Amino acid sequence: MAAQGGEDVLALAAQWRAAGEEVAIATVVETWGSSPRPAGSRFAVSASGRMAGSVSGGCIEGAVAEAAQQTMRTGAPQLLEFGISDEQAWAVGLACGGKVKVFVEKLG
416 MAAQGGEDVL
426 ALAAQWRAAG
436 EEVAIATVVE
446 TWGSSPRPAG
456 SRFAVSASGR
466 MAGSVSGGCI
476 EGAVAEAAQQ
486 TMRTGAPQLL
496 EFGISDEQAW
506 AVGLACGGKV
516 KVFVEKLG
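What the sequence shown shows, in the working numbering, is residues 416 to 523, in sequence order.
Please keep in mind that the hints were generated in silico from the structure rather than gathered at the bench. Treat the hints loosely; a few may be bogus.
To be verified - Straight-line C-alpha distance at most 20 Å; calculated EDC-like pairs for lysine to aspartate or glutamate:
1. Lys516 with Glu436
2. Lys521 with Glu496
3. Lys521 with Glu437
4. Lys516 with Glu481
5. Lys521 with Glu481
6. Lys514 with Glu436
7. Lys514 with Glu445
8. Lys516 with Glu496
9. Lys521 with Asp423
10. Lys514 with Glu496
Bear in mind the structure is a predicted one, so any value in this text is a computation, not a measurement.
Based on the sequences and whatever the hints tell you, model everything.
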């Protein structure tokens with residue numbers, strides 16, 4: 416996964432979409448405490464499993480990619496929350512002491 420800037424991720428996602436692939440974009444919308452990536456960081460996922468960008472430096476990308484696949488199937492956006500007090504945060508590797516909210520939406 417390349418830690419590309421937000422604009423690069425959107426450009427790549429647009430290329431995938433133009434080639435006929437379904438694509439979802441995940442964006443960090445809020446952080447608290449120690450967070451590996453700032454608000455505005457983006458992660459793109461294609462239906463075929465291609466990925467670009469980062470929302471956590473690798474801690475939660477697997478869980479976010481799964482949510483992105485679901486969003487592509489249903490069309491319904493999701494607001495995901497991960498944090499140190501959340502058991503899911505430990506399960507996905509976010510043990511850095513912070514919290515993060517990630518918005519996942521299908522690219523139209």
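Open item on the list: Tell me the hint numbers this structure goes against, listed in increasing order.
Closed with: Result: hints 1, 6 break, sorted rising.
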